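Q: Sequence:
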Amino acid sequence: MSFSVSSSYTKLRLIVDSTTNDALPSVPNLENAAQSLSLALPAVGLGQEATTAHLLTDLTPGFNGPKTSSNYYGFVTGGVFPIAEIADNIVTAFDQNLQVHLSDQSIATAVEDKALSMLVELLDLGDGWVGKTFTTGATGANVMGLACGREAVVDARLKAAGESGGVGELGLLGACLKAGIKEIQVLTTMGHSSLYKAGSIVGLGRAAVKDIATNKHEPWKMDVDALKRELEIATEGVVSIVALSMGEVNTGRFATDGPDMLKKVREICDQYGAWLHIDGAFGIFARCLPSTVEFATLRKYASGIELADSICGDAHKMLNVPYDCGFFFTRSTNILSSIFQNPNAAYLSAGESSIPSPLNNGLENSRRFRALPVYAVLLAYGREGLAEMFARQVRLAREVSKFLTESDDFELLATQPSQSGNFDDVHIIVIFKAKNERFNVDLVKRINATRKMYVSGTKWDGKPACRIAFPRRLLHCKPVGFDPVGWSLVHDNYLGPSDRSSTISAMSFGFGVGDFLAVGKLAWAVYKSCKDAPESFSNMSTEVLLLHAVLKEVEEALADEPLTESKKLNLATIGSGCHSVLSDLQILLTKYESMGPQSRRTWDRMKWGSNDVTGLRARLTSNTILLTTFLDFASNLQRRLNRFVEELQDGKYERSVITVAIVESLAPAAKETWRAIRKELENIGISVLAFEANRPFIMNWFEKATRSGHFEEQNNESNHEYLHSDGINVESSSLSSNQRSSKIDHLPTKPPSSQSKFQSSVSQNSTGMSLTKRSFAPSDRFEIHDDGFEASTDIVSFPTAHDHFDANEPSRRRNYNIVRTPRITKLMARVLGYNAAFSKACEAGDVDKAKSLFRKGVDLNSIRHEKTALGFAALGCHIALAIWLLESGADIDLADGRIRSPIYQSIRGPIESYLLMTELLLRKGADVNAGFRFDFPTALWEAARSGKTGAVVLLGYGAEVKANQEYPH
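To convert, note that position 248 of the sequence shown is 248 in the UniProt record's numbering; the numbers rise steadily by one, no gaps.
For the record, the hints were derived by calculation from the structure and aren't laboratory data.
Careful: at least some of the hints might be erroneous.
Below are the DSS-like pairs computed for lysine-lysine, each with C-alpha atoms no more than 27 Å apart in a straight line [as the list claims (entries may be wrong)]:
hint : residue 1 : residue 2
1    : 216       : 197
2    : 521       : 552
3    : 178       : 159
4    : 521       : 216
5    : 402       : 552
Bear in mind the structure is a predicted one, so any value in this text is a computation, not a measurement.
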């Protein structure tokens with residue numbers, strides 16, 4: 001079957017369009033991507049089909065989200081416009097790479113010349129910029145700027161000495177010797193690191209780049225008087241290049257405050273023969289902002305740069321075209337050709353044209369056709385469309401600055417509001433730090449560890465700081481405002497729960513009337529978008545409208561009645577949930593609206609987003625109900641919980657009654673588990689609303705009840721549960737009424753704080769299991785239970801690492817007497833993190849830990865980090881663990897999150913032991929062709945890919961070779 005490029009592109013688009021809003025890939029995805037890389041160059045290639053599957057399935061989950069996430073604030077990169085992506089694919093499809101200008105053979109160089117001319121128009125630089133080119137980025141453009149400056153100042157001294165030739169012809173040492181030059185210095189303020197790198201590349205040296213004396217409070221700003229003094233005191237053998245930053249990388253601030261200041265700098269440069277270079281980076285695009293009072297200050301700061309000798313900038317920073325795309329302008333084509341001329345290659349000679357050949361005015365002899373995506377974006381959006389996008393970015397940065405200024409927890413750096421209270425000098429960069437110095441040390445690390453948001457770290461006044469940038473392409477579809485609630489993520493991850501009460505006001509990110517007004521406005525905007533959207537979204541408009549109505553009622557209630565601190569915290573949690581679900585729905589709508597007709601049809605046909613819609617609807621309903629009864633939840637919670645235990649122990653809840661709630665949603669497992677527990681409690685009169693309002697207390701209560709054995713039923717005959725399909729004998733335990741009453745008395749009688757840990761000891765329960773160690777609820781959501789109770793091993797006897805294993809032994813099931821695990825215990829095992837700890841133990845091959853956690857109710861067939869427990873055992877070749885898992889009921893063919901079965905994982909195991917694991921699984925009945933019918937790589941495919949002899953074993957067990965799938969040899 002021939003390889004289909006179009007089909008591969010379709011798969012790619014579906015992957016991109018369905019990518020989560022996370023800024024960084026999960027750690028497991030990164031690890032999986034790294035593990036999937038080829039160990040070495042294959043002797044025989046995999047083929048295009050298999051390689052494409054590897055790229056799309058294995059590697060793309062390991063990419064970060066500058067394009068796909070609206071929370072990627074780390075660098076000044078806004079992703080890629082769809083039109084720019086199309087243009088770049090056209091470049092690839094036609095392999096249009098710039099070399100020489102031959103107007104009768106290709107339109108490519110004419111397109112580049114037109115795109116550069118349109119850029120000059122967009123930036124309003126005026127006429128005369130005849131020397132212009134695209135290059136790799138701002139670093140390459142700064143190299144060109146210093147090279148041109150070096151050529152100009154040396155050439156001027158050569159002419160004064162009656163010499164000729166220039167650096168391009170004579171070399172730096174030869175030219176400087178003839179001109180009597182001892183040093184070429186670069187004077188700047190807070191210069192970008194690329195300027196120092198450029199100094200090294202062009203032979204000036206990093207030490208030649210000097211920060212001149214500046215105002216301590218505005219270190220980014222050029223001190224004109226200090227500049228003049230530096231040039232005056234320069235000795236006879238020193239020449240200078242002056243480099244000004246328009247958008248200093250750390251603060252986003254400008255080296256000058258307007259055209260008058262730049263005019264003075266220009267006069268000083270002319271007086272002392274210095275070259276004036278502007279590092280425009282992203283700040284140069286402030287010239288493109290709307291001509292309104294709102295942006296007057298920024299437009300003024302960026303004015304006057306047309307007086308420079310050279311200007312550089314980054315198109316991939318603000319125009320949202322693919323990396324790498326810098327641009328460079330100068331007024332002279334002669335100076336470019338004197339440096340970058342490509343002589344003595346007849347086959348590279350350019351044709352006759354008014355357009356200079358790229359061959360002779362840039363760094364590369366041949367390079368990618370970077371101009372086409374730039375041309376496409378400029379043509380598609382025009383001056384007004386881009387100006388509006390830039391305006392939204394600035395507004396968002398200013399809203400964040402305002403929030404940080406008013407925050408009790410954070411400190412805005414490098415700027416202050418004007419007398420009018422506005423942040424007129426804020427462009428698209430904001431830096432801040434935590435006021436609490438102890439937490440500020442690893443603030444960036446904590447934020448990025450969430451993987452939901454990404455910021456970059458920097459320093460200010462010698463202290464760590466956060467830097468966030470807002471050049472987001474994702475803002476182009478509709479205005480996206482900033483709400484403090486959205487930053488609860490920052491708060492939650494830079495403060496641990498135990499620290500909040502003592503160091504930070506509980507209401508730092510709480511909700512007041514103003515906050516609910518903001519959420520209400522967001523709800524109304526989302527409602528209107530849903531109403532006008534296709535059926536899959538419009539069906540949710542009723543839920544959104546209802547939430548909006550309840551938000552309005554809460555606004556009125558907050559205005560009339562003050563809340564206690566505890567209720568403020570609860571309300572902040574609910575309010576954050578409302579904002580979160582509305583924001584997620586808005587992002588999904590925006591993603592859909594930004595698609596073209598064909599992509600929308602594919603989305604609708606494939607029902608992409610249906611899972612998201614279902615989950616969002618459930619979250620909308622849940623948050624609405626929470627708000628309606630926030631001030632009136634049940635007061636008899638303790639009594640009802642105790643009664644629940646009594647009735648469960650008396651066997652009043654049949655196995656068919658205690659069931660997992662059926663929720664029409666594909667939400668994360670933890671939420672499903674909580675819904676299941678919530679359903680259980682509805683039967684005893686604890687409403688959903690009371691449950692949600694008292695969730696921390698209920699969680700602690702259930703944990704202690706579960707650990708203390710309260711959920712064991714008294715009737716040991718009528719309620720047997722078969723945990724395995726092959727006749728395992730299950731024994732229930734019984735409790736006397738005195739024992740039961742005693743245990744219930746020890747349950748908590750009032751809601752504890754969410755941070756407290758119960759500690760108790762039960763010497764012996766009715767099963768004879770001795771509980772000598774207990775671990776209780778995590779102190780925060782990042783902690784899971786990695787250690788459990790120690791139990792005597794006489795209850796169940798499982799194979800150990802020392803048991804004899806014969807791979808030829810036929811598959812069989814053994815009967816074990818296993819303590820019954822009630823459904824409620826299994827549910828709590830999920831909530832308390834035991835399933836996660838169980839997967840971790842299986843990954844490490846720790847049989848004892850796995851057994852201990854199994855007794856706590858973990859699910860043998862749960863999937864964690866996209867692998868099953870048996871998958872972990874197979875991959876690590878943990879034989880004893882695999883035997884125990886299989887004998888305990890693990891599904892031998894259960895595929896993981898990437899549709900890979902344990903037999904497939906066994907082939908990926910260590911070379912010295914994988915065959916033993918493979919043989920074990922096959923002997924136990926594993927499907928040798930697992931994954932075959934889904935067109936996913938099979939164990940045979942993996943064996944062929946990795947060159948392992950296990951392929952012979954697999955073929956011996958009947959592995960099939962798929963005719964239309966390319967196999968490596």
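Q: Hint by hint, say whether it matches the structure.
A: Now the hints, each set against the structure:
1. Taking the CA atoms of residue 216 and residue 197, the gap is near 25 Å; set against the 27 Å cutoff, the hint holds.
2. With a C-alpha separation of about 10 Å, the suggested pair residue 521 and residue 552 falls inside the 27 Å cut-off, and the hint holds.
3. A threshold of 27 Å between alpha carbons decides the hint, and for residue 178 with residue 159 the separation of about 10 Å falls inside it, so the pair holds.
4. At most 27 Å may separate the alpha-carbon atoms for a hinted pair to count; residue 521 and residue 216 exceed this at roughly 42 Å.
5. A C-alpha spacing of about 25 Å is found between residue 402 and residue 552, which places the hinted pair at or below 27 Å, so the restraint holds.
Hint check: a violation occurs at hint 4 only; the rest are consistent with the structure.
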